[in-house]
Each structure stands twice: as C-alpha cells, then as structure tokens.
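Novice: Protein chains in written order, with the working numbering: chain A, 1 to 117; chain B, 118 to 230.
Derived by calculation from the structure, the hints in this document are not laboratory data.
Where is the CB? At the ideal position from N, CA and C, for every residue including glycine.
Any given hint might turn out to be false.
Claimed, not checked - Not everything, but these chain A residues come out facing chain B in the computed CB check (under 10 Å):
1. Val4
2. Tyr35
3. Lys40
4. Glu44
5. Asn50
6. Thr55
7. Glu105
8. Phe108
Stated by the list, open to error - Straight line, CA to CA, 20 Å or less: simulated DMTMM-like cross-link-like pairs of lysine to aspartate or glutamate:
9. B:Lys166 <-> A:Glu105
10. B:Lys217 <-> A:Glu56
11. B:Lys159 <-> A:Asp85
12. A:Lys22 <-> A:Glu67
13. A:Lys40 <-> B:Asp125
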Amino acid sequence: ETGVTQTPRHLVMGMTNKKSLKCEQHLGHNAMYWYKQSAKKPLELMFVYNFKEQTENNSVPSRFSPECPNSSHLFLHLHTLQPEDSALYLCASSLGGGPASGTGELFFGEGSRLTVL
Amino acid sequence: AQSVTQLDSHVSVSEGTPVLLRCNYSSSYSPSLFWYVQHPNKGLQLLLKYTSAATLVKGINGFEAEFKKSETSFHLTKPSAHMSDAAEYFCVVTTSGTYKYIFGTGTRLKVLA
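Please construct the entire structure, taking both the sequences and the accompanying hints into account.
Specialist: Structure (structure tokens):
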C-alpha cells in the first residue's frame, strides 16, 4: 500500500471515447501531480496542483483535462486522444513544494496503463 | 536551471557483486536529490534522498548514495546485488520552493544468476 491509489490500472479506449483517470492520496499531502511515462522517454510532468489550485501546466494538449476537487483527489479527464497518448500515467503527491517550504519526496501510485486504439 | 544525467542506460551485474549506478546533476541552487526504483508495471518507489544533511545517505534494501558537490554527482551503490534488485532506477533533482522534479532517463539494472 503506497498511500496513493490510482484507478483504473488499465484502460483501453478509442480515439472518440471520453474516460477519466482517478487518483486518491491518504497521506495528508498538499501537492498532487500527473506524470506521463512513455517508452524510452524521461518522465514528463503534466500538471501540478497545490491545495486544489493548479500551479503547473506543462504545455499539455487540451484533450487532457485535469480536475482537483480537494487536496486528496485528482482526476485526469481524457477525450479524443491519439494513439501516441498511449502511456503509463502516474499520479504522485508530496508534502511541501512551493516558494516558502522545503521539498519533500514524491509518493507515487501504481499508475494507469492507457492504450488508445 | 536544473538537469540530471544518468550515465548508463543499462547495467548488468552478477548476483552477489557490487552495484554502481551513476548520476550527475546540475543545479543553480542547493539541490535535493533522490533515487527511485521502478519494477515492471509498477509505480516509482523512493530508495533514498539527500536534502543537505549528511552527504552519505542510506536507503532501503541496502542501497546508499554519496552526495559529492565538487563532482556534482550522486551515485547509487549497493555492496551485493540480489536478483530482486533487477528494475529501472531513476535519479531525480529538485530545489526547495519548486514543484519541478527533474528525472533522469533511467538506468535498467539486470542481475545475472
């Protein structure tokens, strides 16, 4: 049990589908992250939320839409994706970060393996 | 600006022999450095972290790393490899006051019986 739970673990969708990935953390952290992990590429930061407010959007296409209703939950809404969006999507959380605090480590979920047909 | 370079994309060792995974970093400020491990189809697990305390950091599963400012390195070592150590390892750098964690491209460790 990592403290960060992602669902679903596997998802197959067509290019016209709409689906969502969910992440939940039980660690009392303030910051939550979405990363994309593709084969033979470094981890790519997609979005960061701190206390429900988006602090980073790393030039992610609008077909990916994040939502953070509270500090414990993070969603990634997916629509009209492309086959090149197939990847492992990792959610993480941390305590701290931001201009006035120390930087703690990231705690990762197990990931959601997305396949776009 | 920050960056991290993992010098080897693949490392193979025999079971029971030492492991060395190399990481060099670049940072304009005092860095925090981490090593993570990822087993197939799993998330990343923290092995150890350096955050400006002791330069020799001990982590889980017998791993340790030494922060060397003069060499801008943070290499990961283990005295004796075990089959269960076979995985991908990531070196990560960040600084206080930021949400940007910079990941290396990973080193895949293979342990031979």
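Novice: Work down the list of hints and note, for each, if the structure agrees.
Specialist: Hints versus structure:
1. Checking valine 4 of chain A against chain B: minimum C-beta separation of about 7 Å stays under 10 Å; hint holds.
2. For tyrosine 35 of chain A, the interface hint holds, since its Cβ comes within 10 Å of a Cβ in chain B; the closest pair sits about 8 Å apart.
3. Look at lysine 40 of chain A: its Cβ gets to within about 8 Å of chain B, closer than 10 Å, so that hint holds up.
4. The interface hint given for glutamate 44 of chain A holds, since its Cβ lies 9 Å from the closest Cβ of chain B, which is under the 10 Å cut-off.
5. Satisfaction of the interface hint for asparagine 50 of chain A is found here, the shortest Cβ-Cβ separation to chain B being roughly 7 Å, below the 10 Å cut-off.
6. At about 6 Å, the closest approach between the beta carbon of threonine 55 of chain A and any beta carbon in chain B falls short of 10 Å, and the interface hint on this residue holds.
7. With a cut of 10 Å, the hint placing glutamate 105 of chain A at the interface with chain B holds, because the nearest CB-to-CB distance is about 5 Å.
8. The interface hint given for phenylalanine 108 of chain A holds, since its Cβ lies 4 Å from the closest Cβ of chain B, which is under the 10 Å cut-off.
9. Pair hint lysine 166 of chain B plus glutamate 105 of chain A holds up; C-alpha atoms about 8 Å apart against a cutoff of 20 Å.
10. With a C-alpha separation of about 9 Å, the suggested pair lysine 217 of chain B and glutamate 56 of chain A falls inside the 20 Å cut-off, and the hint holds.
11. Taken as a hint, the lysine 159 of chain B and aspartate 85 of chain A pair is honoured in the structure, with Cα atoms around 19 Å apart against an allowance of 20 Å.
12. Of the pairs offered as hints, the one joining lysine 22 of chain A and glutamate 67 of chain A holds, with about 10 Å between alpha carbons and a cut-off of 20 Å not exceeded.
13. Pair hint lysine 40 of chain A plus aspartate 125 of chain B holds up; C-alpha atoms about 13 Å apart against a cutoff of 20 Å.
Violated hints for the displayed structure: none, as all numbered hints are satisfied.
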